[in-house]
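Starting from the given sequences, assemble the full structure and let the hints guide the process.
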Amino acid sequence: MLPSYFRGVQLLLLMRPYAAKVVVAAVLPHGDFVYDPSLIHGANGSTALHGNATLLAQAITAARPDLLFLTTPHGLEDTHDFLLYQNSAAAGVAHVGQDLHNASFPTYDVHLSANASRPAASALVEALRGHAHVSGLLAFADAEPIALRWGEVIPLSFLAPLLRSAPLLTCSIPTRRLAQSGAPMTAELLRLGGALSARLEAMPHRVALLTSADLAHTHLPSGPYGYSAAAAPFDAAVGRWAATLHDEPLLSAARALVPRALSCGYPGLVLLHGMLTRASVFAAREWRPMEKGPFALAHPTYYGMLVAGFEREGSADRRARRR
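All letters in the sequence shown, in the order written, are residues 526 to 848 by the numbering used here.
To be clear, the hints were calculated from the coordinates, so they are not data collected in a lab. A virtual CB, placed ideally from N, CA and C, is assigned to each residue, including glycine. One or more hints might be untrue.
Unchecked claim - Derived pair list, reagent style SDA-like, types lysine to any residue, alpha-carbon separation capped at 20 Å:
#1 K546 to P729
#2 K817 to T769
#3 K546 to K817
#4 K817 to A584
#5 K546 to R837
#6 K546 to R810
To be verified - Distance windows between CB atoms, simulated:
#7 S690 to Y752: 19 to 29 Å
#8 T700 to V618: 13 to 23 Å
#9 H626 to A757: 15 to 25 Å
#10 A781 to H620: 13 to 23 Å
#11 H620 to G839: 36 to 46 Å
#12 P631 to A808: 45 to 55 Å
Structure follows, in structure tokens:
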């Protein structure tokens with residue numbers, strides 16, 4: 526007889542209830558200042574980032590997802606493969622205040638734990654078996670939660686109440702993203718994004734697509750990566766993409782700038798763009814930026830951050846009818 530978790534995988538592959546679909550998508554930062562604007566006295570757009578992240582979390586919750594698919598550039602990373610976490614629980618800590626790069630500042634810890642869906646992760650790994658460079662990762666024989674850190678804890682902290690009912694499925698981006706901040710991976714990321722959405726859409730879940738991302742890390746000469754004139758136009762290009770979901774700002778303008786702007790989040794943004802615009806299960810322009818926001822784009826210190834949400838055509842009307 527098959528173990529119960531393998532039976533669960535079979536059910537996930539065979540069942541497709543009517544209401545199951547990808548229902549909402551979002552970009553959330555993982556930098557300290559979106560979580561705690563008081564670190565810099567609420568200056569330089571940090572308060573707007575925090576406030577809009579809070580509003581975006583409410584919009585995500587209102588979409589009633591029962592599975593949170595999170596991509597992260599700072600998780601447990603393979604050198605080559607995208608990793609889908611297969612543990613049934615996840616837990617970890619973010620050390621808030623480290624981004625000040627001030628040894629005299631007392632950092633503090635933010636803890637987060639979440640249930641995760643091992644059957645969903647295993648089903649997705651199996652469904653993507655023919656796709657290059659995707660593997661499952663099971664830690665500690667599933668006897669303990671798999672580790673989370675700032676790249677997951679900070680964005681998920683805004684969704685802590687939802688995590689009590691919606692399990693997490695985490696995808697980490699490989700370390701080869703570090704070469705030119707992932708610009709050479711663009712075509713691969715778009716293909717994988719389309720494949721991921723097709724598989725997630727077919728699962729018996731209402732799925733939220735969450736992308737953990739920060740933008741250019743070269744806004745200030747005093748920052749750890751120095752200054753680049755590419756930082757501001759890179760962030761502006763990403764902002765245009767988030768406001769339109771058009772290809773050019775992200776795949777042309779931002780891609781040309783990112784090797785100098787240095788963005789950990791660029792590969793995740795391209796992957797999300799592939800999920801929303803390259804999946805055969807979605808009609809052309811089926812996804813759009815959330816009407817009237819929430820939206821915020823700023824660089825409180827040396828790195829930029831974006832808060833942006835995306836919805837399927839007609840979802841805004843459905844939300845209005847529920848009010």
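Now the hints, each set against the structure:
1. Among the hinted pairs, K546 with P729 is consistent with the structure: their alpha-carbon atoms are about 8 Å apart, no more than 20 Å.
2. For the hint pairing K817 with T769, the CA-to-CA distance comes to about 13 Å; that is within 20 Å, so the pair holds.
3. Pair hint K546 plus K817 does not hold up; C-alpha atoms about 23 Å apart against a cutoff of 20 Å.
4. As the CA atoms of K817 and A584 are separated by approximately 12 Å, the hinted pair is consistent with the 20 Å bound.
5. Distance check on the hinted pair: K546 and R837 sit about 10 Å apart at the alpha-carbon level, within 20 Å; holds.
6. For the hint pairing K546 with R810, the CA-to-CA distance comes to about 17 Å; that is within 20 Å, so the pair holds.
7. Distance hint check: the CB atoms of S690 and Y752 are about 44 Å apart, inconsistent with the given range 19 to 29 Å.
8. Checking the proposed 13 to 23 Å range against T700 and V618 shows it holds: the Cβ atoms sit about 22 Å from each other.
9. Between H626 and A757 the C-beta distance comes to about 21 Å, which sits within the given range of 15 to 25 Å.
10. About 34 Å separates the C-beta atoms of A781 and H620, a value inconsistent with the hinted range of 13 to 23 Å.
11. For H620 and G839, the Cβ-Cβ distance of about 42 Å falls inside the hinted range of 36 to 46 Å, so the restraint holds.
12. Remark: the range hint 45 to 55 Å for P631 to A808 is upheld by a beta-carbon distance near 52 Å.
Comparing the model with each numbered hint stated earlier shows that hints 3, 7, 10 do not hold.
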